[in-house]
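Enquirer: Quick mapping for you: the protein sequence lines, in order, are chains P and F.
Here the first sequence stands for residues 10 to 195, where the numbers follow our numbering.
Here the second sequence stands for residues 2 to 180, where the numbers follow our numbering.
FYI, nobody ran anything at the bench for these hints, they're computed from the structure.
Just so we're clear, the structure is a prediction, and the values are computed from it rather than from any experiment.
Heads up, a few of these hints could be off.
To be verified - Some but not every residue of chain F turned toward chain P, in silico, with C-beta under 8 Å:
hint : residue
1    : Glu-88
2    : Glu-122
3    : Asn-162
4    : Val-170
Claimed, not checked - Stretch by stretch, here's where chain F covers chain P in the computed footprint (C-beta under 8 Å, at least three residues):
hint : segment
5    : 92-98
6    : 173-186
C-beta atoms are modelled at their ideal positions from N, C-alpha and C, and glycine is treated no differently.
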Amino acid sequence: MTTVGSRLCLRPLTRADAAVFVPWVNDPEITRTLAIGARAMDVRAEEDFIEKTNASAHAVLFGIVVRETDQLIGSTGLDPIDFRNQRAGFGIMIGEKRAWGKGYGTEATALVMHYAFRELCLNRVQLQVYEYNLRGLRVYEKVGFRREGVLRQEHVYDDRFWDTVVMAILREEWEKRPVVSEPGRT
Amino acid sequence: MRNPFRIGTDMYLRPLEPEDVARLTHWTTQPAIRTALDLFYRPLDQAAAGLFLERTKSDAHDIALGIVAQETESLLGFIGLNRIDRENSHVQLGVFLGEQKANGERCLSEAVGLMQRYGFEVLGMNRLWLYVDAAEARTINLLEQRGFVREATLRQDRCLNGRYADTVVMGQVRGDGGE
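Pulled out of the complex, with its shape left as it was, chain P reads as follows (with noise of 0.2 Å):
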């Protein structure tokens, strides 16, 4: 299944992109905004991670890429996905330092965004941003996240405490965002 968006798409990831993620999860640069934290990654673990993401019932995991360069830039997804209470936590990153500030962050969550509620009919999308990621924080409320409070000292990063804002989107405040596109299925 792939998402696609007006300079994006959104497609599964396999076995075979791990080595592309391997310089990325491996890069203090990338990671200093990741929960996946300042562990060594190979890509025997990366392949793994790959598998069981897919192979989970609980979670999604996509591979974002340039439609005009079909040049893989990141991953995104939902983790875990609780149908019970029809809720998701959401991540994003963009490996790839060069589709830095171009709003493609932005624009692979709004495809995320609408894959939660338009088709696992989820209710409630959560996320938490580490204090120090203000592109995060600027995307994430940009495509419609709310501040739901902040987790103090709840993160160890370059030897201090740092905060993490929790952030969330409810089904209906999605519903009522100005809509530019929608996003298609192929």
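Got chain P; can you put chain F on it based on the hints?
Expert: Leaving out everything else, chain F in the frame of chain P:
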């Protein structure tokens, strides 16, 4: 007192034993308890309850203890520290009271205090946190008296009795006071 792990004034905490399985399965048949605990929305027989308790005991990231009234030696509920995160120095507190006895809340408050000390002083954590149903005003008040702070309200976080219910995240960091 049998196998006390931490001792308070009216209660003590002890490791969970196989005979506690029967109490757990009984409590999970009570609608008020079942709805309060997301874990137990499915039917739980004794074998499944036994496995659940075994898992909580064998997981290095979890500590689960029984809350026992000193006077009657009766098990009132459970308390534990879950998802111990050494990298970020925080741990989740989990608690529930199965028996609503006269001194139940006092015992619960004492149990929370004992686990706060254990979390901060023995495990050396910097932060303790927990989820509470937003409608549980008495529990929230009890935790605030113990030094926890409301940090976030997760809107429409759970499906409860056919409706969405909010969840409050409460946290306490070293130096807040009350720990």
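Enquirer: Using the nearest Cβ pair, does F:Val-170 come within less than 8 Å of chain P?
Expert: 6 Å, holds
Enquirer: Under the criterion of a CB-CB separation shorter than 8 Å, is F:Glu-88 in contact with chain P as hinted?
Expert: Since the shortest Cβ distance to chain P is 6 Å, the answer is holds.
Enquirer: Take the segment 92-98 of chain P, compare each residue's beta carbon with every beta carbon of chain F, and decide whether three or more fall closer than 8 Å.
Expert: holds (count 4)
Enquirer: Answer holds if the nearest beta-carbon of chain P is closer than 8 Å to that of F:Asn-162; otherwise answer violated.
Expert: 13 Å, violated
Enquirer: Against chain F, does the segment 173-186 of chain P show at least 3 residues with beta-carbon separation below 8 Å?
Expert: holds (count 3)
Enquirer: Holds or violated: F:Glu-122 as interface residue toward chain P, Cβ cutoff 8 Å?
Expert: With a closest approach of 17 Å, the F:Glu-122 hint is violated.
The structure fails hints 2 and 3 (numbered hints given earlier, in ascending order).
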